[in-house]
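**Q** Here are the chains, one letter per residue:
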Amino acid sequence: MTEGAANQRIDTVAALRDAAITTLLAFGLFLPLIGFHTVTNIRNELELDTRWPLLFSIVAVVGVARLAYSFLLAPWLERIKLRPMATTTPAWRATFGKWFVPFCIGFVIVYPAIIIAATGFGGALKWVDNFGIQILIYVMLGWGLNIVVGLAGLLDLGYVAFYAVGAYAYALLAKEFGFSFWILLPLAGVMSSFWGILLGFPVLRLRGDYLAIVTLAFGEIIRIVLVNWVDVTNGYAGISGIPRPSFFGIPFNANDDGFAATFGLEFSPIYRTIFLYYLILALALLTAFVTVRLRRLPVGRAWEALREDEIACRSLGINTTHTKLTAFGMGAMFAGFAGSFFAARQGFISPESFTFLESATILAIVVLGGMGSQIGVAIAAIAMIGGTEIMRELDFLKQIFGESFDPTQYRMLLFGFAMVIIMVLRPRGLISTRAPSVFLKEPKPVPVDLVKQGHG
Amino acid sequence: MEVFLQQLINGITLGSIYGLIAIGYTMVFGIIGMVNFAHGDVFMVAAFVALVAFLILTTWLGISSIAVALFIVLIVAMLFTSLVNWIIERLAYRPLRGSFRLAPLISAIGMSIFLSNFVQVSQGPRNKAIPPMVQGDFVLVTHNDYAVTLSFKQLIIWGVTAVLLVCFWYLVARTRLGRAQRACEQDQRMAALVGVNVDQTISLTFVIAAALAAVAGTMYLMYYGVVSFSDGFVPGVKAFTAAVLGGIGSLPGAVIGGLLIGLIETMWSAYFSIDYKDVAAFSVLAITLIFLPQGLFGRPDVEKV
Amino acid sequence: MTIAGDILLRVEHLTMRFGGLVAVDDLSFEARQGEITALIGPNGAGKTTVFNCITGFYKPSEGRIGLCHGDAAIWSELDALTDSGKRGITRGDSGLYLLERMPDYLVTQNARVARTFQNIRLFPGMTVLENLLVAQHNALMVASGYTLFGIFGLPSYHRAERASVEKARDWLNRVGLIHRADDPAGDLPYGDQRRLEIARAMCTDPVLLCLDEPAAGLNPRESAQLNELLMSIGNEHGISILLIEHDMSVVMEISDHVVVLDYGIKISDGAPDVVRNDPKVIAAYLGVPDHEVEKVGAEIGL
Ligand SMILES: Nc1ncnc2c1ncn2[C@@H]1O[C@H](COP(=O)(O)OP(=O)(O)OP(=O)(O)O)[C@@H](O)[C@H]1O
Ligand SMILES: [Mg+2]
Chain D
0 MTEGAANQRI
10 DTVAALRDAA
20 ITTLLAFGLF
30 LPLIGFHTVT
40 NIRNELELDT
50 RWPLLFSIVA
60 VVGVARLAYS
70 FLLAPWLERI
80 KLRPMATTTP
90 AWRATFGKWF
100 VPFCIGFVIV
110 YPAIIIAATG
120 FGGALKWVDN
130 FGIQILIYVM
140 LGWGLNIVVG
150 LAGLLDLGYV
160 AFYAVGAYAY
170 ALLAKEFGFS
180 FWILLPLAGV
190 MSSFWGILLG
200 FPVLRLRGDY
210 LAIVTLAFGE
220 IIRIVLVNWV
230 DVTNGYAGIS
240 GIPRPSFFGI
250 PFNANDDGFA
260 ATFGLEFSPI
270 YRTIFLYYLI
280 LALALLTAFV
290 TVRLRRLPVG
300 RAWEALREDE
310 IACRSLGINT
320 THTKLTAFGM
330 GAMFAGFAGS
340 FFAARQGFIS
350 PESFTFLESA
360 TILAIVVLGG
370 MGSQIGVAIA
380 AIAMIGGTEI
390 MRELDFLKQI
400 FGESFDPTQY
410 RMLLFGFAMV
420 IIMVLRPRGL
430 ISTRAPSVFL
440 KEPKPVPVDL
450 VKQGHG
Chain L
0 MEVFLQQLIN
10 GITLGSIYGL
20 IAIGYTMVFG
30 IIGMVNFAHG
40 DVFMVAAFVA
50 LVAFLILTTW
60 LGISSIAVAL
70 FIVLIVAMLF
80 TSLVNWIIER
90 LAYRPLRGSF
100 RLAPLISAIG
110 MSIFLSNFVQ
120 VSQGPRNKAI
130 PPMVQGDFVL
140 VTHNDYAVTL
150 SFKQLIIWGV
160 TAVLLVCFWY
170 LVARTRLGRA
180 QRACEQDQRM
190 AALVGVNVDQ
200 TISLTFVIAA
210 ALAAVAGTMY
220 LMYYGVVSFS
230 DGFVPGVKAF
240 TAAVLGGIGS
250 LPGAVIGGLL
260 IGLIETMWSA
270 YFSIDYKDVA
280 AFSVLAITLI
290 FLPQGLFGRP
300 DVEKV
Chain G
0 MTIAGDILLR
10 VEHLTMRFGG
20 LVAVDDLSFE
30 ARQGEITALI
40 GPNGAGKTTV
50 FNCITGFYKP
60 SEGRIGLCHG
70 DAAIWSELDA
80 LTDSGKRGIT
90 RGDSGLYLLE
100 RMPDYLVTQN
110 ARVARTFQNI
120 RLFPGMTVLE
130 NLLVAQHNAL
140 MVASGYTLFG
150 IFGLPSYHRA
160 ERASVEKARD
170 WLNRVGLIHR
180 ADDPAGDLPY
190 GDQRRLEIAR
200 AMCTDPVLLC
210 LDEPAAGLNP
220 RESAQLNELL
230 MSIGNEHGIS
240 ILLIEHDMSV
250 VMEISDHVVV
260 LDYGIKISDG
270 APDVVRNDPK
280 VIAAYLGVPD
290 HEVEKVGAEI
300 GL
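Residue numbers (numbering that gives the first Met the number 0), protein chains in the order written: chain D, 0 to 455; chain L, 0 to 304; chain G, 0 to 301.
Simulated from the structure, these hints should not be mistaken for laboratory data.
It is possible that some hints are incorrect.
To be verified - Beta-carbon label-pair distances, calculated as ranges: (1) L:Leu7 to G:Val141: 32 to 40 Å; (2) G:Ile150 to L:Gln199: 53 to 61 Å; (3) L:Thr58 to D:Arg391: 34 to 42 Å; (4) L:Ser98 to G:Asn42: 14 to 22 Å; (5) L:Ser98 to D:Ile79: 16 to 24 Å.
Glycine included, every Cβ here is placed at the ideal spot set by N, Cα and C.
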């Protein structure tokens, strides 16, 4: 009892000291860039402003957070650690696991209907477009990259290049030759896949981080070419007026032969949005379906084996060159599909949409989800993209912080911060088991610390 | 010929800046085997700190001697950036040491996004331009109205880089810290067993890397007189290219790689196409990694079966 | 068609240099069909390097490595094949391959030489069964129509996959790991991992199995089981084995033929009891010059 009390006291002293140090560090850290503000005055000269209240409130928040950590969070974490680990999964978990995926698929299928019921036609547009379609694009890209990074263990930081190839392929061919979306979709996939294999070929020997950097370089080179090859790509200005997809030949417009008129409905832009929603949903599910199938085929198993040990693969007669190239090609193909969908949905594309940040986001989604896990990737995409999209909706914060406060500014700031935090807390990602692709008696999930994550 | 000479001077200047950043990449990679993606943004933060310090000194305190101001700015930027990098390592990388390989890379990418957006939010998205700190130049050659000049700015950059490299070389080659670093590079567990404080050594490596990046940032600000929140990424990738070209892990390699990249970039801009100057650097990166992955001075990485 | 005692593998003038270091120096030896050939020598003698040359992981600096499938008569075409610049030829059921010309994966795929590694190389995050299916990659790849049929789930692929699982099950029974089939390979104890690696190599359907120190780290009981396994692989399947081993009890008990290397040079070659009494071999293992062998041998009671 007394000993416990003594411990408690020492803890308090230590916690206070920690908090003091943290506060001091935070002050030093934030002083130059938050304490001072560089502003350009009317004479176009740079001047300094101070923001002491802001600086002190941030430093105070950090200090208090540190105290809260020592007194509340740390003991709680300690208790969790001491709690005996459950050895058998409870029955509800098993049931939950079985029904989770069908439930999710069911939910995304009826999602537009729910939204329309909840917000009416006017409000639904934003929710289906910004949340539904936007997130699904990233889910699809995440699943595509998951083949390359998660399964084959090849670190690709230039994935967005193939997305760009798909988008520009659709935009240029649709504008020049007037081909329809349904012809160009597979064509864009094939072209991206071709580029994937072409760029994959020279970098096959590289491992780990080096591969990541080379693919980053390739991605940037493609972007710079898109920027500077103005004759074809129209440079920074981008390509606008890209033909939108039609409902199997019936365009979505207000004309008499338009979708609404044909089906005897009142014209509304929501129809096109809903159509696009189901289109990207179908594409994403196709990606997932193909990946699930491939994992159970020899190629898929060879990808995973390659991630575990390339030399062992070669000793078993596996042509690792072909295996890696198929992974690159497959991943790039799905990016190409997503790219052509993106171009068709926006009606406008420019190199701005295909920056390194985009590649980093997709890679982050794959890694945060738990590499190789499709559900994890989907959850990560919803959390990261949905989370940043939500930032656009937080107008009520203006009432707290004043009119000049713009929450959207903080989207990427928080995004980067979340990446660091999630990695520190769950370095293996959200889903940390691997499901075996084949079993004799019963499938036992493989704990992920046995799984190697790419060679390097 | 004159154009070539001028580009040579400009290239060496640019290359010095890249070299200073590249040392940070190479040292961190050498000791914990990680590409510190946020290093380019640490460099950018340093340039902003230098900017703030410069404004405080000149507009508030009214220091008129540029030499004194520049010296103080340099020290302030180095101290502050070291603190930043020390904290980054503690918070974002140390918990992930020994974890699986991708985690620190993703954490570093997240940190890079965070830093550039932090500066964007706190200082605004616009370019920050200051009046030229140092003016004047030597005219070396004049021919057909084309004067080859070596500006004082460039001279300062050369001088500061050279002095710092000598200090730095001494630190790494001749002191206990340097020995501890090399021990950790070889085998961290073994180093810990024989009494090297591994955590501290790694922290100090980040601090040194940041200090050199801060020098680069200050020089960058002085040379171009303008900086923006997005100025971290491209110089960062180019400096990384320099580190790879020189042979990652090799310190002289990083400096020579930096100079080469600087030269390639300026020559390319002068003789081929300025629009595609970044393509030159990225292509060098890809070509080096593909055909000469051990770089000019690195040890070849043999695949032992 | 194969006749025990015919030459299966012929290594001629094999030399491997790493910079200035000559790891293998002008080595020639033969391995016969159905036999267990042991390659022994002190640490650093170059044994693993010989394996790496045979299995295509290293390109030898010099030398020729021939391997024959089926009828040994095809050896007569060895020189013609060498001059033709081709990697191998087939005549009906028989084939002749020049391993030094083949990339590693083709050595396994076409020449059907399988191997294990000195430091075990399993796929630790895949289950035991998956490890064995990866080994049947090439056969399954053809059955899945290079993925095309497999994607659409055609029955012919399912049949092939079931057959592969059966084969894997068979091998798991042989090595006594059937109860661990669905566990991750990385979870197995060391001895089991060694046996799994051998089973995995066998799943590639080899004619020659190269084992790099399979008994290293095994206890005496496991070691005895391993002896039995290796003998049965040789006897029941007619598969030849090339074996690197430091454990002399294993070598002397199961091998038909022993080749001794020291500093990359072959110092002895013959039946186990001949090699055992060769003073050069004893000298190499004791690390003393030849003429002192008798003295030192007497001292330690040989
Ligand atoms: N890839 C390589 N590069 C350079 N040297 C090598 C390489 N592979 C092997 N060596 C050298 O060749 C020599 C023979 O090595 P090898 O591994 O073949 O010996 P070994 O007989 O298998 O020894 P052990 O019994 O210890 O396994 C050693 O000196 C080794 O350092
Ligand atoms: Mg060996």
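**Q** For Ser98 (chain L) and Asn42 (chain G), compare the CB-CB distance with the range 14 to 22 Å and indicate the outcome.
**A** violated (34 Å)
**Q** Assuming the hint says 16 to 24 Å, is it satisfied by the Cβ distance from Ser98 (chain L) to Ile79 (chain D) or not?
**A** Given a distance of about 20 Å, which is inside 16 to 24 Å, the answer is holds.
**Q** The hint says 53 to 61 Å between Ile150 (chain G) and Gln199 (chain L); measuring C-beta to C-beta, is that right?
**A** holds (55 Å)
**Q** Look at the Cβ atoms of Leu7 (chain L) and Val141 (chain G) and judge whether their distance stays inside 32 to 40 Å.
**A** Taking Cβ atoms as reference, Leu7 (chain L) and Val141 (chain G) lie about 60 Å apart, which means the hint is violated.
**Q** Do Thr58 (chain L) and Arg391 (chain D) keep their Cβ atoms within the hinted range of 34 to 42 Å?
**A** This hint holds: roughly 37 Å between Cβ atoms.
Of the numbered hints stated above, those contradicted by the structure are hints 1, 4, listed in ascending order.
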